[in-house]
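Could you build all of it, start to finish, from the sequences and the hints given here?
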Amino acid sequence: MFQQFELAQGVKLYVRPTEQFKTINISFKWKQQLTEEQAAIRSVLANVLQYSNDVFQTNAEFRKRLDDLYGAVLYFDTGKKGTHHIFSLNAETVNDAYLSNEKVVDEVFNLLHTVLFKPKLVDGKFVDSIVNREKDQVIERIQSMYDDKTRYAQQRLLENIRPNHAASISANGTVKAVKAVTNEQLVAMHQTILTEDNLSIYIVGDVNAEEIKEKIASHFPFADRTLELVHDVEVVKASTENGFLHEIQDMKQGKLHIAYRTPITFFSEEFPVMQMTNGILGGFSHSKIFMNVREKESMAYYASSSYSSLYGLIFVLAGIDANLQEKAVKLIDEQLKVMQEGDITDLEINQTKSMLSNQLKEALDSARAQIEIYDQYKEINESFTVENWVAKWSNVTKDQISQMAQKIEKEFVYFLSGKEGAGNE
Amino acid sequence: MNESYFKQLEETLYHEQLPNGLEVYILPKKGFSKTFVTFSTKYGSIDREFIPLGKKEAVIVPDGIAHFLEHKMFEKEEGDVFQQFSEKGASANAFTSFTKTTYLFSSTNHVLENTKTLLDFVQQPYFTEETVEKEKGIIAQEITMYDDQPDWRLYFGAIENMYKEHPVKIDIAGTVESIDKITAEHLYECYNTFYHPSNMTVFVVGAVNPQEMMDFIKQDQAAKTFEAPQDIQRFFPTEQPNVAFEKRSLQMDVQKPKVIYGIKSTNTDISGKEMLNFELSMQVAIELLFGRTSAFYQDVYEKGLIDESYSADFSMEKGYGFTMIGSDTVNAEQLAEKIKQSIKEQAKEGQFTEEDLKRVTRKKIGFFLRALNSIEYIANQFTRYSFNDMNLFDVVPALENLTLEQVMHALESLKDEQKHTVFTVVPFEKNGNE
Numbered sequence: 001m002f003q004q005f006e007l008a009q010g011v012k013l014y015v016r017p018t019e020q021f022k023t024i025n026i027s028f029k030w031k032q033q034l035t036e037e038q039a040a041i042r043s044v045l046a047n048v049l050q051y052s053n054d055v056f057q058t059n060a061e062f063r064k065r066l067d068d069l070y071g072a073v074l075y076f077d078t079g080k081k082g083t084h085h086i087f088s089l090n091a092e093t094v095n096d097a098y099l100s101n102e103k104v105v106d107e108v109f110n111l112l113h114t115v116l117f118k119p120k121l122v123d124g125k126f127v128d129s130i131v132n133r134e135k136d137q138v139i140e141r142i143q144s145m146y147d148d149k150t151r152y153a154q155q156r157l158l159e160n161i162r163p164n165h166a167a168s169i170s171a172n173g174t175v176k177a178v179k180a181v182t183n184e185q186l187v188a189m190h191q192t193i194l195t196e197d198n199l200s201i202y203i204v205g206d207v208n209a210e211e212i213k214e215k216i217a218s219h220f221p222f223a224d225r226t227l228e229l230v231h232d233v234e235v236v237k238a239s240t241e242n243g244f245l246h247e248i249q250d251m252k253q254g255k256l257h258i259a260y261r262t263p264i265t266f267f268s269e270e271f272p273v274m275q276m277t278n279g280i281l282g283g284f285s286h287s288k289i290f291m292n293v294r295e296k297e298s299m300a301y302y303a304s305s306s307y308s309s310l311y312g313l314i315f316v317l318a319g320i321d322a323n324l325q326e327k328a329v330k331l332i333d334e335q336l337k338v339m340q341e342g343d344i345t346d347l348e349i350n351q352t353k354s355m356l357s358n359q360l361k362e363a364l365d366s367a368r369a370q371i372e373i374y375d376q377y378k379e380i381n382e383s384f385t386v387e388n389w390v391a392k393w394s395n396v397t398k399d400q401i402s403q404m405a406q407k408i409e410k411e412f413v414y415f416l417s418g419k420e421g422a423g424n425e
Numbered sequence: 001m002n003e004s005y006f007k008q009l010e011e012t013l014y015h016e017q018l019p020n021g022l023e024v025y026i027l028p029k030k031g032f033s034k035t036f037v038t039f040s041t042k043y044g045s046i047d048r049e050f051i052p053l054g055k056k057e058a059v060i061v062p063d064g065i066a067h068f069l070e071h072k073m074f075e076k077e078e079g080d081v082f083q084q085f086s087e088k089g090a091s092a093n094a095f096t097s098f099t100k101t102t103y104l105f106s107s108t109n110h111v112l113e114n115t116k117t118l119l120d121f122v123q124q125p126y127f128t129e130e131t132v133e134k135e136k137g138i139i140a141q142e143i144t145m146y147d148d149q150p151d152w153r154l155y156f157g158a159i160e161n162m163y164k165e166h167p168v169k170i171d172i173a174g175t176v177e178s179i180d181k182i183t184a185e186h187l188y189e190c191y192n193t194f195y196h197p198s199n200m201t202v203f204v205v206g207a208v209n210p211q212e213m214m215d216f217i218k219q220d221q222a223a224k225t226f227e228a229p230q231d232i233q234r235f236f237p238t239e240q241p242n243v244a245f246e247k248r249s250l251q252m253d254v255q256k257p258k259v260i261y262g263i264k265s266t267n268t269d270i271s272g273k274e275m276l277n278f279e280l281s282m283q284v285a286i287e288l289l290f291g292r293t294s295a296f297y298q299d300v301y302e303k304g305l306i307d308e309s310y311s312a313d314f315s316m317e318k319g320y321g322f323t324m325i326g327s328d329t330v331n332a333e334q335l336a337e338k339i340k341q342s343i344k345e346q347a348k349e350g351q352f353t354e355e356d357l358k359r360v361t362r363k364k365i366g367f368f369l370r371a372l373n374s375i376e377y378i379a380n381q382f383t384r385y386s387f388n389d390m391n392l393f394d395v396v397p398a399l400e401n402l403t404l405e406q407v408m409h410a411l412e413s414l415k416d417e418q419k420h421t422v423f424t425v426v427p428f429e430k431n432g433n434e
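Same order as they appear, the protein sequences are chains A and B. In terms of our numbering, the first sequence has 100 at position 100, counting the first letter as 1, and numbering is strictly consecutive. In terms of our numbering, the second sequence has 245 at position 245, counting the first letter as 1, and numbering is strictly consecutive.
Heads up, a few of these hints could be off.
Said to hold, decoys possible - Taking CB as the label site, the calculated pair distances span:
#1 A/T182 / B/E308: 18 to 28 Å
#2 B/E185 / A/Q249: 33 to 43 Å
#3 A/A209 / B/E308: 47 to 57 Å
#4 A/A217 / B/E354: 49 to 59 Å
#5 A/A180 / B/K7: 49 to 59 Å
#6 A/R151 / B/Q219: 23 to 33 Å
#7 A/I380 / B/T225: 50 to 60 Å
#8 B/W152 / A/I380: 35 to 45 Å
#9 B/P241 / A/E159: 47 to 57 Å
#10 A/M145 / B/K344: 47 to 57 Å
Said to hold, decoys possible - Calculated lysine to aspartate or glutamate pairs in the EDC-like style (CA-CA distance at most 20 Å, straight line):
#11 B/K256 / B/D356
#12 B/K7 / A/D206
#13 B/K136 / A/E297
#14 B/K29 / A/D206
#15 A/K64 / B/D313
#16 A/K22 / B/E23
#17 A/K64 / B/E129
#18 B/K256 / A/D206
Calculated directly from the structure, the hints in this document are not laboratory data. Think of the CB as a built atom: it goes at the ideal place given N, C-alpha and C, for glycine as much as any other residue.
Next comes the structure, spelled out in structure tokens:
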């Protein structure tokens, strides 16, 4: 899918020349092992670099420059994948071909260089007032999760089943960790990212691969780095076998979140089989959970399962009447049980195969998704193609799915509801 | 089949109106794997009072019925339509807005077969008292889900503050009480009135052969029989120009107050080119006053009065329209005051230059070109423009021709403070409530 170039040790460039899009997408991804403290520092750094640099006096001046370049998009972001924290710098610019006599692409490269290599430093430190303001912004971002009940419930579930583990550590860190971030740590982290972090650079658009390689190499002279990253997820023997927690907030709906553990991860040989198994259980609108919890029993508006393959976890989420928690759990348990007993139809298998391949092909119609999907799948095999994956799903049999369902173990039920459901325990 | 080529964008659009009145548009996109097909009716939550097909008297139907109908279209005597789509690898969905209901699928394979499934399920209603009753539980859960979302409550709170009579103030899904009144008979009445092909549009975008697709749809429609088309009579109450409430707030379980500063628009009885120009002028005006490069934004960001949730937008449909500036904020009152001041001081002659206008229109053109990479964006927007007699692909030339005078006129329309309102969602007061 992508052409590869090694620009330096630990610095790889992936280019996908295509006429599919009217824009060019650029993404720098710096990876490091994920810890709460580092995540907090990196998130604040992303904001500080986003909102200040040494070339433009104010953020408004900087944004005006982007607007002049046909509203070029340029932003820092943080995220996580498995046990890695990802600090990224992303840009999207209109391809010069769609504009008359304009050279916006080169200008965007210049701006990328500015935000990365020309931070606003006073006596070797960032500006304290900016650091404090951006710490507040990150803290507010973390706290806003509380207002979104689904995200909050999912985070509470993760904290209960995998405390101090990559699965539950947020890419933004915690409020406490962000508060503790110092100016010196930010300066040091900026250097670490530039010189030590494992770096992948992605470019998708109507470009010439060799030319773009030269351009990147001359704008961004990254040196060799030797950081070895491990992506093995620590296998945790659950401390919360069949755990249950009901929490109350001022709200109307009941948010049911169930966690299951499985030894199969993204890196397992049987990964495609588990994707099929999850698809039949609750991944789609033809799946057992949707058909039974929503369509048959009318208990929920949403009811589905998702497979978090990097952590070997499966989650079932449903929004239900606060008094129906026990009934819903029982119904969901039954869906997994019948799969373990082999009650799986050819229709369900065919539907799931069609949907998985459609999903993957559709996702690749977006440049950002091409980058994200390749960034993950290249960890298994750098010659990733859609056809390879479709073929893997096609070969999955009913017996394999049933055996895979037996490797799914329920671990924890978390329920968040209003006071109404309190009499249910 | 009519063919229009948009040179600057390198896009070709195919169009035909079929004998039964159905509008069909096809936009082939090179290099894409998927095809999106949408089937929309000009019927949404605001259409609650109308003369049913074949009747003489107007009726008022229960709130939330357009959305309820959308849900029920997926259930047929032989089962759930999702099953058929899944089998052919298509993701199907539907949504109801204030003014339209759209059914859609996307797939990378079996596109004609999936198109057939889409056309058939939308054109063959099947409602029974039993299936209607069953759906009430599902929709009640959807409504309670939205009830728990502070941003949704904030948005509707702001609309309710602005509108005294117009049904835009009613939640699209209705209430648990209003949907309880819905019967199969209601659904047929709404269906027969609003789902006639002459009130509907099919839009196809993506990996598609236009001639083959057009022929396929024509053949399908020719084989079906429909009643003669009839003009739909809809009624809307007279809305006062000023806001219904200047200021209201709601307590919820939130971390930080949320505020929307709303400005009601009265220039809403327009369509076509006039609507396109007004809408774009308003968007540019909002960007100049409240965008990320504005003096206002710089000031409130540095003072910590806004955070990443900040937004400023203008939206309209025939009959209603509003500007909303909103954010989570530590001080809603102070932020609202700053917004008010900013309009007072800046919405006038001499504040903005041709250069400012040029910069903002460039940004908007860039946004539009980026958006055209997304088949979803095109599919979602195209029909909305078409239902208002506008063409999505006229956006770039219209932006290029926008004058400072038009933008000043738009800015001027924001000044009347009797059209301003503030709605806040605030955390529960600690004492007494716990």
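Checklist entry - Failing hints, ascending? => result 3, 4, 6, 10, 11, 16, 17 and 18
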